[in-house]
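Asks: Residues per chain are reported as follows:
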Amino acid sequence: MSAIAFPAPDAGILARRDAILAGLSALVAPDALITSEDERRPYETDALTAYRRMPLAVVLPSTTQEVAAVLRYCAEAGVPVVPRGAGTSLAGGAIPQEDAVVIGVSKMNRILEIDYANRIARVQAGVTNLAVTGAVSADGFFYAPDPSSQLACSIGGNIGMNSGGAHCLKYGVTTNNVLGVTLVMLDGSIVDIGGGHLDAPGYDLLGLIVGSEGQLGIVTEATVRILRQAEGARPVLFGFPTSVEAGAAVAAIIGAGIIPVAMEFMDKPAIEICEAFAHAGYPMDCGALLIIEVEGSEAEMDAQLARIVAIAREHGVGTVKESRSAMETAAIWKGRKSAFGATGRIADYICMDGTIPTGQLPFVLERMDEIVKGYGLRVANVFHAGDGNLHPLILYNCNDPDEAQKAEQAGNDILKLCVEVGGCLTGEHGVGIEKRDLMTVQFNEADLHQQMRVRAVFDPRWLLNPAKVFPLEGRIAA
Amino acid sequence: MLHTPSTEAQACAVVASIVAARVPLAIRGGGTRTGLGRPDNAVSTLSSAGLTGITLYEPAEMVIGARAGTPLKLIEETLAERGQMLPFEPMDHRAVLGTEGEPTIGAVAAGNISGPRRINAGAARDSLIGVRLINGRGELVKSGGRVMKNVTGLDLVKLVAGSFGTLGFLTEVTFRVLPRPERVVTLIWEGLSDEAAVTLLSAALGSPFEPMAAAHLPGGIGADEARTLLRLENFTASVGYRAAELARLLKRHGRPELVEGRASETLWREVRDAAVFAGTQEAVWRLSLAPSHGPRATAAIARAVPGARWFYDWGGGLIWLAVPAEGDAGAAAIRAALKPLGGHATLVRAPDAVRASVPVFEPLAEPLMRVSAGIKKSFDPAGVFEPGRMYAGV
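Residue numbers (this note's numbering), protein chains in the order written: chain A, 1 to 478; chain B, 1 to 394.
Where hints are given, some of them may not hold.
What the hints assert, rightly or not - Straight-line C-alpha distance at most 20 Å; calculated DMTMM-like pairs for lysine to aspartate or glutamate:
{"#": "1", "chain 1": "B", "residue 1": "K73", "chain 2": "B", "residue 2": "E270"}
{"#": "2", "chain 1": "A", "residue 1": "K373", "chain 2": "A", "residue 2": "D437"}
{"#": "3", "chain 1": "A", "residue 1": "K406", "chain 2": "A", "residue 2": "E366"}
{"#": "4", "chain 1": "A", "residue 1": "K107", "chain 2": "A", "residue 2": "E39"}
{"#": "5", "chain 1": "A", "residue 1": "K321", "chain 2": "A", "residue 2": "D302"}
{"#": "6", "chain 1": "A", "residue 1": "K321", "chain 2": "A", "residue 2": "E245"}
{"#": "7", "chain 1": "B", "residue 1": "K73", "chain 2": "B", "residue 2": "E102"}
{"#": "8", "chain 1": "B", "residue 1": "K142", "chain 2": "A", "residue 2": "D447"}
{"#": "9", "chain 1": "A", "residue 1": "K268", "chain 2": "A", "residue 2": "D192"}
{"#": "10", "chain 1": "A", "residue 1": "K416", "chain 2": "A", "residue 2": "E366"}
{"#": "11", "chain 1": "A", "residue 1": "K406", "chain 2": "A", "residue 2": "D447"}
{"#": "12", "chain 1": "A", "residue 1": "K107", "chain 2": "A", "residue 2": "E44"}
{"#": "13", "chain 1": "B", "residue 1": "K339", "chain 2": "A", "residue 2": "D192"}
{"#": "14", "chain 1": "A", "residue 1": "K321", "chain 2": "A", "residue 2": "E272"}
{"#": "15", "chain 1": "A", "residue 1": "K170", "chain 2": "B", "residue 2": "E58"}
{"#": "16", "chain 1": "B", "residue 1": "K142", "chain 2": "A", "residue 2": "E245"}
{"#": "17", "chain 1": "A", "residue 1": "K334", "chain 2": "A", "residue 2": "E314"}
{"#": "18", "chain 1": "B", "residue 1": "K142", "chain 2": "A", "residue 2": "D192"}
{"#": "19", "chain 1": "A", "residue 1": "K170", "chain 2": "B", "residue 2": "E270"}
{"#": "20", "chain 1": "B", "residue 1": "K142", "chain 2": "A", "residue 2": "E420"}
{"#": "21", "chain 1": "A", "residue 1": "K321", "chain 2": "A", "residue 2": "E298"}
{"#": "22", "chain 1": "A", "residue 1": "K334", "chain 2": "A", "residue 2": "E275"}
{"#": "23", "chain 1": "B", "residue 1": "K73", "chain 2": "B", "residue 2": "E265"}
{"#": "24", "chain 1": "B", "residue 1": "K377", "chain 2": "A", "residue 2": "D447"}
{"#": "25", "chain 1": "A", "residue 1": "K373", "chain 2": "A", "residue 2": "D447"}
{"#": "26", "chain 1": "A", "residue 1": "K373", "chain 2": "A", "residue 2": "E328"}
{"#": "27", "chain 1": "A", "residue 1": "K170", "chain 2": "B", "residue 2": "E89"}
{"#": "28", "chain 1": "B", "residue 1": "K73", "chain 2": "B", "residue 2": "D273"}
{"#": "29", "chain 1": "B", "residue 1": "K377", "chain 2": "A", "residue 2": "E44"}
{"#": "30", "chain 1": "B", "residue 1": "K73", "chain 2": "B", "residue 2": "D40"}
Bear in mind the hints are in silico, worked out from the structure with no lab data behind them.
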């Protein structure tokens, strides 16, 4: 694939590479600066592997002060910077460019403080999402956002992309679960925004930073909310004859005022792929599967489930299968969360991420199928149905340039469809490079200019993650 | 001069003329929160009174959109008819500010106005999923949308929530909504000290029994005896079970009384609206801090500011504080008390002269002040929208 353009590398910067490396080496420990081609290679892409750019250098600082020193140096030298968490972005948010220095936070991976009385944890940005929950789960707590990549992805990256997960129907996404950050600004100044309290004075800068895709500064620490685990949780599998009936059931459940903690959708191709991988006990005789998880007291779970089952029956559900043990529950979620990895074993795919009003689900599912078939490709759907966040996986062969291009076109058509029915280009993966050139589908010039003017307050020279989010054409300075 | 546009196009034209004339402009919804913030020097007023009506209500998608001047009351009634509600229980400022009029949905967004449910369901900013506003270039700008996961590009919705009109004139807002709970009960423990109460609330909020609101009213605040409150909301059977479990978990603090229906609603409305401080001559502060630090903050303030009275919401993390409206209304002492604890203080009610001389919102660190001024300028280059309402120069 090569449809998405990168800015032409600045020849002046490339020519100054040796001097820049020397400058950086004075600022960080020797093992924190990566310059050889072999060692830089793992940083040339992220989870959008179709695009690769070898960065000028990679810096892996150990402290906020080192991040500040490197950022200040790059700003003064006019060198672009691409912040990086764990490099699991599906939208290409962490893909570098040839004239940029990658600043990775992977060495900043300590949990600094756990405070149960105030239900917060203070962590460094390189801590993985799952490690936060891991640090508090023995005491009955958890960190709510749970992206599929939670074993690998970092809190810093989650903040950059405002990541979600399967359970945000009840608990919200990253922006609803972060109370404070330490942010290093482009000029090297270090600021604390928010903290252990529930709101901060002045403009909601924290709300602006979350989801800003590394364009406003580099987050090195975060204060996140930790929540007490529910009394119990029960995932239930609902097998429907077709996707359309499953989609209609989702809309009806939400419409009846029922908010299960998670409501995940899989179509037939996704069920087959995930079951073969995880042996989760998914029903194989259905056209679409909903994994609906209820949680809370036994009384609450019983009440919710009874209503959900009644609605599912009205929509022609075939199989209803409740988890009977912790092992079954783990298998059900393992199957769902490994969907992307399992798909990757059978084909190359691009994972789309758009959002639609839930009432549009049946229509959009049919239409997506037509779109992808129109390009002669296959699609597997696995997504967060409760909040209308679609993740169609478009399957293709990356060694066939024609197919690769068609897959990208099909993906673009699907995202445009999301906007047409009243949704958004992205749910939880961010814009990155992947959806950058589609921003004009959702926003007009005034909308985009206002966003760019806010961006310019932090980075007037387009040095921070400059290839991302905003179309390369039509950019404004401030 | 009062401008009351009835369309977005008219509002754009008004703003363009105001910007050309560089006239400081006050933005007005129902007028129930005027006086919140630093005193203004506005010579013109732009009202949302002509922009009313619900534009989108999809109960099945749990979303409601309305023009900014729509009365909050209409939104709440419309939602109630379908068994739904705003998730964040917005405070009504009329009691504590002594104002009249009808609060509007636009002002709820512009002020990020939340209430006791904030601890569990988030603030107004967490439920606000889309805005349309007119910036200081006279351009209509939209951000967010009508779906829950709404952020594409920079999240301008968050910036607008809580900007008190300083970034632009909201014309339309969209919120996510939630189903109303089947049953609501409040557990009340009596006679606890502040420390014991916050310990109780913290244990409850760290339990799996999901309190949706948690407050403590010390003795003399609305009743002689101190009262510690926890509110449960859920399916009927679940609420009964959880009330019993909480009573068991917290039994060392005594046996709670259980109230529901109107008695429970009244109690929480008084907490939400800081109604106990209505109509007095005192200055009123709102302090936000980590909950377990609440009692230490109030103890320090009590030593420095004679006559201070307070109560706690948000499990101890929100303190409503009334002090004599003399001198700096306790500003220096209150902010000094918070300094070692973290958190911040907002002067919600005080005479104009005090609010003109004391920072109403907590002063920001220099780089953040610089960023805030830059953001203001990016929306409002001529500096006409509510100039200085939050900070001098913003």
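Asks: Look at each hint and say if it fits the structure.
Replies: Hints versus structure:
1. Taking the CA atoms of B:K73 and B:E270, the gap is near 18 Å; set against the 20 Å cutoff, the hint holds.
2. Only pairs whose Cα atoms come within 20 Å are accepted, and A:K373 paired with A:D437 is rejected, the gap being roughly 24 Å.
3. With a C-alpha separation of about 19 Å, the suggested pairing of A:K406 with A:E366 holds against the 20 Å cut-off.
4. Taking the CA atoms of A:K107 and A:E39, the gap is about 16 Å. The hint holds against a cut of 20 Å.
5. Restraint check for A:K321 and A:D302: satisfied, since their Cα atoms lie roughly 14 Å apart, inside the 20 Å limit.
6. Of the pairs offered as hints, the one joining A:K321 and A:E245 holds, with about 17 Å between alpha carbons and a cut-off of 20 Å not exceeded.
7. A C-alpha spacing of about 8 Å is found between B:K73 and B:E102, which places the hinted pair at or below 20 Å, so the restraint holds.
8. Note on B:K142 and A:D447: the hinted pairing holds, with a Cα-Cα distance of about 6 Å set against a maximum of 20 Å.
9. Note on A:K268 and A:D192: the hinted pairing is violated, with a Cα-Cα distance of about 47 Å set against a maximum of 20 Å.
10. Of the pairs offered as hints, the one joining A:K416 and A:E366 holds, with about 15 Å between alpha carbons and a cut-off of 20 Å not exceeded.
11. Of the supplied pair hints, the one linking A:K406 and A:D447 is violated, its CA atoms being roughly 30 Å apart against a limit of 20 Å.
12. With a CA separation close to 18 Å, the supplied pair A:K107 and A:E44 stays within the 20 Å bound.
13. A threshold of 20 Å between alpha carbons decides the hint, and for B:K339 with A:D192 the separation of about 14 Å falls inside it, so the pair holds.
14. Note on A:K321 and A:E272: the hinted pairing holds, with a Cα-Cα distance of about 17 Å set against a maximum of 20 Å.
15. For the suggested pair A:K170 and B:E58, the alpha carbons sit about 19 Å apart, so the restraint of at most 20 Å is met.
16. Taking the CA atoms of B:K142 and A:E245, the gap is near 34 Å; set against the 20 Å cutoff, the hint is violated.
17. Under the criterion of a C-alpha separation no larger than 20 Å, the hint pairing A:K334 with A:E314 is inconsistent with the structure, at around 29 Å.
18. Using a Cα cut-off of 20 Å, the hinted pair B:K142 and A:D192 is violated, with the two alpha carbons roughly 29 Å apart.
19. Restraint check: the Cα-Cα separation between A:K170 and B:E270 comes to about 28 Å, which exceeds 20 Å; the hinted pair is violated.
20. At roughly 16 Å between alpha-carbon atoms, B:K142 and A:E420 fall within 20 Å of each other, so this suggested pair holds.
21. Distance check on the hinted pair: A:K321 and A:E298 sit about 17 Å apart at the alpha-carbon level, within 20 Å; holds.
22. Pair hint A:K334 plus A:E275 holds up; C-alpha atoms about 10 Å apart against a cutoff of 20 Å.
23. This hinted pair checks out: B:K73 and B:E265 have alpha carbons roughly 16 Å apart, not beyond 20 Å.
24. At most 20 Å may separate the alpha-carbon atoms for a hinted pair to count; B:K377 and A:D447 meet this at roughly 16 Å.
25. As the CA atoms of A:K373 and A:D447 are separated by approximately 34 Å, the hinted pair breaks the 20 Å bound.
26. Between the alpha carbons of A:K373 and A:E328 the distance comes to roughly 35 Å, so the proposed pair goes past 20 Å and is violated.
27. Between A:K170 and B:E89 the CA atoms are separated by roughly 17 Å; this keeps the pair inside 20 Å, and the hint holds.
28. Distance hint between B:K73 and B:D273 is fulfilled; the C-alpha atoms sit about 15 Å from each other, no more than 20 Å.
29. Our distance criterion of 20 Å between C-alpha atoms is broken by B:K377 and A:E44, whose separation comes to about 37 Å.
30. Taken as a hint, the B:K73 and B:D40 pair is broken in the structure, with Cα atoms around 27 Å apart against an allowance of 20 Å.
Against the hints set out earlier in the document, violations occur for numbers 2, 9, 11, 16, 17, 18, 19, 25, 26, 29 and 30.
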